[in-house]
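Participant: Take a look at the letters that make up each chain.
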Amino acid sequence: MTETPHVRHSRLVRVTHWLMTAAFLALLLSGLEIVLSHPRFYWGETGNDNTAVLFKIPVPASRNLVPTGYGYVLPDQNGWSRYLHFQSAWLLVLVGLAYLAAGLLNGHFRQNLVPNRADISWKQLALSVGGHLRFQRPSADEVWSYNVLQRLAYLLVIFVVFPMIIWTGLAMSPAFVSAVPAAVNILGGQQSARTLHFFLTGVLVLFLLVHVFMVILAGFRSRMRAMISGRAAEPVERV
Amino acid sequence: MSMLTRRKMITTGLATAAGASGLIVAAKLAKRYGLIPPDSGGVYGPGETLTYAAQRLLTRHSLAREFSRTQISEKPFANEVAPLGDDFKRLQEGGFAEWRLAVDGMVARPVSFSLAQLKSFPRRSHITMIQCEEGWSYIAEWTGVPLSHVLELAGTLPQARYIVYRSIQPDWWESIDMADALHPQTLLTLEMNGGELPVGFGGPLRLRVARQLGYKSVKYINSLTVTDNLKPFGKGLGSASPEGGYAWYAGV
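So the sequence lines, in the order shown, correspond to chains G and C.
Count along the first sequence starting at 1, add 1201, and that's the number in my numbering.
Count along the second sequence starting at 1, add 2, and that's the number in my numbering.
Worth flagging that the hints you see were computed from the coordinates, not collected in a lab.
Certain hints may be false.
Here are the computed distance ranges between Cβ atoms for each label pair [what the hints assert, rightly or not]:
1. Val-1260/G <-> Glu-68/C: 31 to 37 Å
2. Leu-86/C <-> Pro-1382/G: 47 to 53 Å
3. Phe-1360/G <-> Glu-68/C: 32 to 38 Å
4. Thr-7/C <-> Val-1260/G: 44 to 50 Å
Please read these numbers as outputs of a predicted model, since none were measured by experiment.
The beta-carbon is built from N, C-alpha and C at its ideal position, and this holds for glycine as well.
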């Protein structure tokens, strides 16, 4: 019990939150830049300009051989984008592992993220969904605790989406899959892994948008202060 | 409170000291076991070093996935290369009879082989995927002489650490470490899908590095240099790729 009562988020949560934010934004930017060099997606093991696409993104490419239908080619930014992508991926993985280890050891997941037994009922979930749909401002209680939908969303992102996006990323690596072929075989092929990696990015971007929107709805200044300094807007005495 | 602060200071101090000495030991070990890539300087050095070191520990002997004949791509894609130079065209007109592969550097016997000689060496085939860093890929059957065989004939000296290989095309050269150079799937490729290796795919001679991205599989190979140090080559970053902003190690 080293945390003083008015600290909303532990130092570990705050530091890892912002490191993850930096890594994620760098991954997103560099990832989109890499996609521009071949904005076509496939399913299965292989795919190239001579094969049918699963879908393509309607943007010009940064390479002149890709038949995009646009008359021009964007500047090639793949070199630094790839360097930045993998460096940020390492940051994300290492920070993520530290967060996971600490969260399991200090009870952060159990206390703050696993929903209360009472909240796991269709009635409670429906109430929470209804409140969210009406853009209801969170109650004072939620300054100090996450609501049930928030808990489920965070758990999903931490334990399902991030592991999946790291896995699909590794499944694209020719050297990694030489040692662990199952990583790509289970996904149905290297191009399937690439396509899934792209869709999972979409899920994370959606999460980011909703997350930021909710922060604004709940009070941007107070929530940002809580995640930066740890202090909550309305310090209430907790017993 | 003061007890707590002191305890905190001591733990933090110990943790920092342990972390710092751990890093120093890790860096020393990494250097000793050749886990530092030549482009480890600069902003992206830490990420590249982590990738290369982790993969060298995990994949030193692993084989690239091989596919069945039915999975060979019907329409492989020949990536663009710079317009072929006059040297290449002259050799092409002569049916590549005069094409030679020179091997020098840290070898007991510097040699040079004609294509006919290379074709007389024991050959190996594999059906593997070639992946471009852009994102596209295809599967083909590659047939050629294992690079390890040619290195053995030249007599690689024990201190060798890297193989530098060059295209006849100007400014196109790469290098790989011995783990990839001696890897059984690393082929001086002469054939593709049972026929001659087409010029568009790197014929008459392409070095296939099966566990790395396509840009390490340089087309139109005509010379190899065995070395223990990449500093004297080009700008000292290991190959032409880092000079153009791309990672030297492309196992990703």
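Participant: Hint by hint, which ones does the structure fall short of?
Facilitator: Numbers 2 and 4, in rising order.
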